[in-house]
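Between the sequences and the hints, there should be enough to build the whole structure, so can you do that?
For the protein sequence lines, the chains are A and B, in the order given.
Residues in the first sequence are numbered from 1 upward in steps of one, following the working numbering.
Residues in the second sequence are numbered from 1 upward in steps of one, following the working numbering.
It is possible that some hints are incorrect.
To give an idea of the interface, some chain B residues facing chain A are shown, with a C-beta separation under 10 angstroms as derived from the structure [unchecked claim]:
1. Gly23
2. Phe26
3. Pro31
4. Lys48
Quick caveat, the hints were computed from the structure, so don't treat them as lab data.
Remember, it's a predicted structure, so these values are computed and weren't measured experimentally.
Even glycine gets a Cβ: it sits at the ideal position worked out from N, Cα and C.
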Amino acid sequence: MSIPVAEKKEKVSVPFDYNKYLRPNKLPHIWCPGCGHGIVLKAMLRAIDKAGLEKDNIALVSGIGCSSRTPGYVDFNTLHTLHGRALPFATGIKLAKPEMKVIVVTGDGDALAIGGNHFIHACRRNIDLTVLVFTNATYGMTGGQYSPTTPLEAMATTSRYGNIEPPFDTCEMAKASGATFVARGTAYHTIELEKTIHEALTHKGMSVVDIIDACPTYFGRANKFKSATQMMEEIEKDGTVNVKQAANLPPEKLAGKMLRGVLHKVEKPEYCEKYDILIKEKASAKK
Amino acid sequence: MAEKKKKLLQGNEACVEGAIYAGCRFYAGYPITPSTEIMEGMSVRLPKLGGKFIQMEDEIGGIAAALGGSLAGLKSMTATSGPGFSLKQECIGYACLTEIPLVIVDVMRGGPSTGYPTGPSQSDIMQAKWGTHGDHPVIAVTPSTVPEILTETVRAFNLAEQFRTPVMVLYDEILGHMREPVTIPSPGELLVEDRAKPECKPEDYHPYDDKFLIAPLAPFGSGYRFHVTGLNHKQDGFPTNDSKIIRENNERIMRKVHINRESIWKNEEVMLDDAEVAIFTIGSTARSARFAVNELRKSGIKAGLLRPLTIWPFPDRAVAELSNRVKAIIVPEMNLGQMTLEVERCAKGRCAVEGLFRVDGEPITPSQIFHEVRKYL
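Okay, structure coming up:
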């Protein structure tokens, strides 16, 4: 006797076709084994796919540094600018062509040290850019100097006796500066990161995602981590907690941990939309 | 036919008129004396024309955003003065290597450093040429009257778009703030060049296609997806370590301006045919020189004026030819000898070359030039 069962839907896992977005002849990339940047790139591409963005309509803009090499590997309108200057270049493209989706990939040194002024003002304007800050707490391209997010007492080639400068909290700064979407993810929590980037891409206004990833080559070696996976587990997995889980945890469980997920999201008038209203008013006004 | 509009304009306002006439539809900048009126003017004019204006957080942001606007396909401009010009040098080098058209106006004030913000100078001539690192092509135009600021700004846009390179408009604070009657040209009266667009299929497009000396530049978002980097790159725009390609590309960006220098050069000659002593100068100093030449002629002295409207590339040939037929070339300039060295280089000892310098924030007077010329006769 046959028992009627609900027809079982077989879940077919189709591997994501990254080649749809990559420039395969520009690979291999320059990143070291164990670096998190490739994981972030893949999460970004899946988020772009999910958002249904057209390749012709995306400008991917970067500054200088390891993470800023990302644009070279992807098949969009790609612009590798100067150290710290990705945001003003991106601002120019977005203002000139507001119909384009303009994404900025930048490192913590690029965005917050040499480009710090551009960062706070892009946030203040609430211009519709999505900014992915690859935070590895080091200047990898130049060999491991301390950066604006290097923790206190951490070792770097320029803090051989331990870092005496306190680090920035990128998300707090973005929020205080006026960004209307602020989130944090890690390379370890890759599915969550994809969702967070997707939400950032679909937000209207300045969206900032601080992405914690590891530099085993420089930060890792200088700070006695045994492997890239140990870094990911200690810094990204155990060093962070999702903002939703954090709501139910006692303060002692949150001590020293960074919050992940969407930390700030508000709707406010976006810069280019306001500019378009200005154009419509002035163009129709009597001269 | 509509009657031509005649207006009493300040130099910086004439610059705005020239930019609008040339089709500039993107401006990004930062306030700085004595150029600020350009930014103020653009902020009023551009929205009415559907153009884009943004005041950025600093000088670097100003030029970087303008380059972004240009790469997105709009004719773009920024304006500044000495200290801001220094800050912009990083992006000027980027524009030279990536070959993004841009007009940069530098209203020259006294330096070094903060210097004399409300006083005139001509001390950015060498900064315009050598301010950014690496060998790179430079085009700089040097108007001398308010109407000429308008027409030379139009020419600067034409050169920038035609040669895919940043072009500088250099004039001193006196010209920036003085007022003269200007006839606004009617549409079509002045030549306006637009950027060449690619005709090939997107998959065949190379932003630095070596089939061309100057390849067409596709705007971002137009279906031609390509890569732009400030690293030495190949014809497809991607970075390279190939020393042969690096050399060829570095030489090509210089060559594109050098072999076209005759169409970029522009000189005015005043009574040079029979001159025994020539004056070589630009900007407001050329106004004093013109006055001095007239006075010298009245007292029977055969003086003349060579006035370049393009200071970079330097008018080598005109100076060399002149040096063959005059006793001396006097070079009055509001700096301590930046053009004089160039004139000496081109004269190669064939005539005397004497500088007349002033760095006290005051203009060089006709009488100073008059007396300097008389020393040589």
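Hints and how they fare:
| no. | hint | in the structure |
| --- | --- | --- |
| 1 | Gly23 | 14 angstroms, violated |
| 2 | Phe26 | 6 angstroms, holds |
| 3 | Pro31 | 14 angstroms, violated |
| 4 | Lys48 | 5 angstroms, holds |
Hint check: violations occur at hints 1 and 3; the rest are consistent with the structure.
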